[in-house]
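Number of protein chains: 2
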Amino acid sequence: MKTMHKEHTLTKNQQIIFDLIDKSPEPMKAYSILFNVQKKGIKAPLQVYRALDKLVEIGKIHKIESRNAFIACHNSSCQVSKATAFSICEICEKVTEISNDSLSKYLANFKDKDGMKYIKYNLEFFGLCKKCKVK
Amino acid sequence: MKTMHKEHTLTKNQQIIFDLIDKSPEPMKAYSILFNVQKKGIKAPLQVYRALDKLVEIGKIHKIESRNAFIACHNSSCQVSKATAFSICEICEKVTEISNDSLSKYLANFKDKDGMKYIKYNLEFFGLCKKCKVK
DNA sequence: ATTTAGATTGTTATAATATAACATTATGTA
DNA sequence: TACATAATGTTATATTATAACAATCTAAAT
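Protein chains in written order, with our numbering: chain A, 1 to 135; chain B, 1 to 135.
If a hint is listed, it holds; no wrong ones were tucked in.
When chains are identical, the list treats them as one kind, so a pair holds in a single copy or across two.
Here are the simulated DSS-like cross-link-like pairs (lysine-lysine), alpha carbons at most 30 Å apart as the crow flies: (1) 133 with 117; (2) 130 with 111; (3) 94 with 133; (4) 12 with 29; (5) 23 with 113; (6) 131 with 111; (7) 117 with 23; (8) 120 with 12; (9) 29 with 130; (10) 113 with 131; (11) 117 with 130.
Rather than coming from a laboratory, the hints here were simulated on the basis of the structure.
Using the sequences provided together with the hints, build the complete structure.
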């Protein structure tokens, strides 16, 4: 079965903003994105936020909630941003999307006693990355 | 062994703000808190944010990152906000702290392949609560 | 090719969330 | 008492995000 969510044709603004985020080694914040795309004609915050909203919706990027920042999705098996997990280094702020079958299965099947039906989750691990740990 | 993290004596501002959040049936936002404590002499956003920072630090409250809102901790076994999990209803916005041994053990022991040492995590599940599900 | 509905864009203004900087006051402890 | 640390009060400002509305583009159905 084909995963459909990567198939969207992006609009001009969406493409410009996705390309920028996709090339960035770290999560990008909305106003940093704005600054970087102004030479391409995107001049207002709302233009950035609208593209970000759409890109999140179709699963091309994820929002790192604790950082108010956005990274490109590099996890072909992630289900349209419905199930996301990240590791975040508290020193260098490097963020990596976690792709781990055991974890995603565990969380997808998790049921709490309160009878809620979960349709989405977001998990953020914080710690020290390999590089920062040894410093 | 005694859990030490609930033993802090709160300062005046901290106590006022904690009491307000603790009584609230839903997560409270910073400026809503500010509005509600102005009659008690807390007049500036920074006074609120400083108390919130401290209360989060000592584990009396948690921040719901996806909502920019704060709830009191009712989970006596939670380790000073180092390991938090919440369920969030996307319709009524009810938030419940999840207290589940299996989950917390699984996450505390989770190790990803990238060699990171995790010292903290935050998990947010989204879905429909029992009430909203049947509507 | 034309129509039409829906999505996207451009624009201005403003709302909501959060922190910087600095002077002052309280608190605990040596 | 004196000292260090934490907390407070205050003004100003930075950062993140959305409201409202008119204009334009796009895809699909005539």
